[in-house]
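Starting from the known structure of chain A, arrange chain B on it as the hints suggest.
There are 2 protein chains.
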Amino acid sequence: MDPLRLSAEPITAAAFAAYGEVIETGGQQHVLINEGKCKRFTDLATVDVVDGRAGLSLFQSDLRPLPYLCTLLERHPLGSQCFVPMSEATWLIIVAPDEDGAPGAISAFVARPGLAVNIARNTWHGVLAPVIGSGLFAVIDRIGNGANLEEHPLARPVLIDVPKAG
Amino acid sequence: MDPLRLSAEPITAAAFAAYGEVIETGGQQHVLINEGKCKRFTDLATVDVVDGRAGLSLFQSDLRPLPYLCTLLERHPLGSQCFVPMSEATWLIIVAPDEDGAPGAISAFVARPGLAVNIARNTWHGVLAPVIGSGLFAVIDRIGNGANLEEHPLARPVLIDVPKAG
Numbered sequence: 001m002d003p004l005r006l007s008a009e010p011i012t013a014a015a016f017a018a019y020g021e022v023i024e025t026g027g028q029q030h031v032l033i034n035e036g037k038c039k040r041f042t043d044l045a046t047v048d049v050v051d052g053r054a055g056l057s058l059f060q061s062d063l064r065p066l067p068y069l070c071t072l073l074e075r076h077p078l079g080s081q082c083f084v085p086m087s088e089a090t091w092l093i094i095v096a097p098d099e100d101g102a103p104g105a106i107s108a109f110v111a112r113p114g115l116a117v118n119i120a121r122n123t124w125h126g127v128l129a130p131v132i133g134s135g136l137f138a139v140i141d142r143i144g145n146g147a148n149l150e151e152h153p154l155a156r157p158v159l160i161d162v163p164k165a166g
Numbered sequence: 001m002d003p004l005r006l007s008a009e010p011i012t013a014a015a016f017a018a019y020g021e022v023i024e025t026g027g028q029q030h031v032l033i034n035e036g037k038c039k040r041f042t043d044l045a046t047v048d049v050v051d052g053r054a055g056l057s058l059f060q061s062d063l064r065p066l067p068y069l070c071t072l073l074e075r076h077p078l079g080s081q082c083f084v085p086m087s088e089a090t091w092l093i094i095v096a097p098d099e100d101g102a103p104g105a106i107s108a109f110v111a112r113p114g115l116a117v118n119i120a121r122n123t124w125h126g127v128l129a130p131v132i133g134s135g136l137f138a139v140i141d142r143i144g145n146g147a148n149l150e151e152h153p154l155a156r157p158v159l160i161d162v163p164k165a166g
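Sequence lines, in order, name chains A and B. My numbering puts the first residue of the first sequence at 1, with every later residue one more than the last. My numbering puts the first residue of the second sequence at 1, with every later residue one more than the last.
Here are some of the chain B residues that sit facing chain A, going by a computed Cβ distance under 8 Å:
(1) A45
(2) P85
(3) V127
No lab work stands behind these hints: they were computed from the structure. In this text, a Cβ means the ideal position worked out from N, Cα and C, and glycines have one as well.
Only chain A is shown next, with the shape it has when bound in the complex (with noise of 0.2 Å):
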């Protein structure tokens, strides 16, 4: 079957509501800290875990080529993952609501530097997609045993690209 092609949009808070958080210094209440200095924006992240403990791990990914096929979709029972690139990044999230157990219609966002990004307990996913950048992120997810992977192989794989920016 020929796959699904989408674009991706770029991700904004409210676009991306339903299935997590766009942690982003724009527009959010700060305080100033470090004599002026500094701009601090607090507490940007609803990390929920679940019969275990929040940790922080890092993932070095490669760079995957656009456009970007998309065979199998994940989620986390047992908590949330948080994805904070540690280089200028652009990368693919791609997310889709529950139905009965399994993905419905896939949506696909693209997040530019300077964004991280707060994936929902329970939200099937793409796995991490960087497409430019290092690769390299850090992320905040559950520690503990259990079984909080489940994987959903996609009957129709989804091409996804991002359209040329301006």
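Just chain B now, with coordinates in the frame of chain A:
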């Protein structure tokens, strides 16, 4: 009084062990995920929070010119503070051991791109001082009420420079 002059040394886990953790991918055990396209280095930071919870914040700092004049150290009695650069950053980490409630001899480190640094609870340290990069950092630290900041102006400021690489 003339400032004390210090040359920042490259940060390493061993050299920094008395003050906290260097979070990096090199040489650590990892698992391959995402069909072999991503290395996961799990649970690298000791998030140490008293009477509160850990949260994710963003710090948008000005870049600091070199040499950097450090006039004050601070510490957080109730929690560790982990700095994750969101660009390929070079930044200074200035620390000191505690001596009877005040900072002892100051050490200066420089972090190159690809490293995060977790400053241990109650460790004397300088404020965030990025030299190269976007100045944007994700910070995992304590969210909660109570007195979690102690500041100590330095009787003799410290002027820190970074040796040229190579």
